[in-house]
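Produce the complete structure using the sequences and hints provided.
First to last, the protein sequences are chains A and B. To convert, note that position 111 of the first sequence is 111 in my numbering; the numbers rise steadily by one, no gaps. To convert, note that position 101 of the second sequence is 1101 in my numbering; the numbers rise steadily by one, no gaps.
It is worth saying that the hints were derived from the structure and are not from the lab. Backbone N, C-alpha and C fix where the C-beta goes; we use that ideal spot for every residue, glycine too. Don't take each hint at face value.
Taking lysine to aspartate or glutamate and the DMTMM-like style, the derived pairs with C-alpha atoms no more than 20 Å apart in a straight line are [unchecked claim]:
id, chain 1, residue 1, chain 2, residue 2
1, B, Lys1042, A, Asp3
2, A, Lys106, A, Asp84
3, A, Lys81, B, Glu1100
Label-pair distances were calculated between CB atoms; the ranges are [stated by the list, open to error]:
id, chain 1, residue 1, chain 2, residue 2, range
4, B, Asp1048, A, Asp36, 22 to 28 Å
5, A, Ser24, B, Glu1100, 28 to 34 Å
6, A, Val28, B, Lys1054, 28 to 34 Å
One-letter residues, chain by chain:
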Amino acid sequence: MADAVTWDEVQEGQEFTNQEETSSQRLVVWAAASGDFYQIHYDDNFAKGNRLPDIIVHGALKGMWVGKLLDELAGPDGWIKRWDVSYRSMDVAREDITVFARATKKYEDNGEALVDFEVGTRKADGSVTTPGTATVRLPRR
Amino acid sequence: MADEVMELTPEMKAAIGKSGDPTTYEVTTLGIRTFARAVGYKDPIYFDDEEAKKQGHPALAAPPGYFGMPVYNPFRQNTARRPEFDSPFKRNLNGGTAVEPLARVYAGDILEAVTTLANLEILPSRAYGQMLVRTSETVYTRKSDGAVVAKTRGTGLSY
Chain A
1 MADAVTWDEV QEGQEFTNQE ETSSQRLVVW AAASGDFYQI HYDDNFAKGN
51 RLPDIIVHGA LKGMWVGKLL DELAGPDGWI KRWDVSYRSM DVAREDITVF
101 ARATKKYEDN GEALVDFEVG TRKADGSVTT PGTATVRLPR R
Chain B
1001 MADEVMELTP EMKAAIGKSG DPTTYEVTTL GIRTFARAVG YKDPIYFDDE
1051 EAKKQGHPAL AAPPGYFGMP VYNPFRQNTA RRPEFDSPFK RNLNGGTAVE
1101 PLARVYAGDI LEAVTTLANL EILPSRAYGQ MLVRTSETVY TRKSDGAVVA
1151 KTRGTGLSY
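If you want it as structure tokens, here you go:
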């Protein structure tokens, strides 16, 4: 879990991360939470029958992991203004994923202290499968 | 997917810009806790009513990006959440998500979601030959006060 940060202490270029495990059990819990019961995420035979290498992590779950990291950084006094992610590559289940948010710009707009982030999920080999961007309002020190 | 090279059909083109029927989403304590557990949240305001109230919230808070679950009623399936059209691309993948949270969502909220088909494109795909790329925009409005609590954009890939 990432700690909440203030606008003043964030440095451009600074990266924040969380590690997420992708067991089949976790994907089933997400299926129940999201209502996405598409079998490519928990049924090995169904996934392979649909030209996939194995069951794959739900794109939306990766997107919500990014949202969680941003929510943790914002803390109780901050607010996520927006975030977006693109599911460019599949993540096969049962491999850990790094969720990251790297500060790209600190600025003030209409009295709000804002930070833009490059966000996404990264495999163990360093490839980014789910790139995106975000803007978060952070509290001043 | 169809073997021949596909272009958007007149029916597909006509669907662009159209909105589906409003869909009701219920935000419940069970739904919030299940979502927070699945995503791996550690903040107690998403699990503990008392802690949420202690921190100034009126009820259990929903994590950003959670808008409840659409009401499942197998006896009333005459509504279409999004504009429909015939397509030879039968298999679906999630291509992307954008979320703009505008107000905090709480347990007990009833939201109405309206999804508009913003764009359709058929693009070449290295893996599948061609893909239908569907961009949808959804606006979530809280029924009790009419507040727009979030806007989302989703990209669907069909192959």
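Going down the list of hints, with the structure as the test:
A hinted pair counts as satisfied when its Cα atoms are at most 20 Å apart, and Lys1042(B) with Asp3(A) qualifies at roughly 11 Å. Restraint check for Lys106(A) and Asp84(A): the C-alpha separation of about 18 Å stays at or below 20 Å, so the hint holds. As the CA atoms of Lys81(A) and Glu1100(B) are separated by approximately 6 Å, the hinted pair is consistent with the 20 Å bound. For Asp1048(B) and Asp36(A), the hinted distance range of 22 to 28 Å is satisfied, since their beta carbons lie about 27 Å from each other.
In this structure the hint that Ser24(A) and Glu1100(B) lie 28 to 34 Å apart at CB holds, the actual value being about 32 Å. Taken as a hint, the range 28 to 34 Å holds for the pair Val28(A) and Lys1054(B), whose Cβ atoms sit roughly 33 Å apart.
No hint from the list above goes unmet by this structure.
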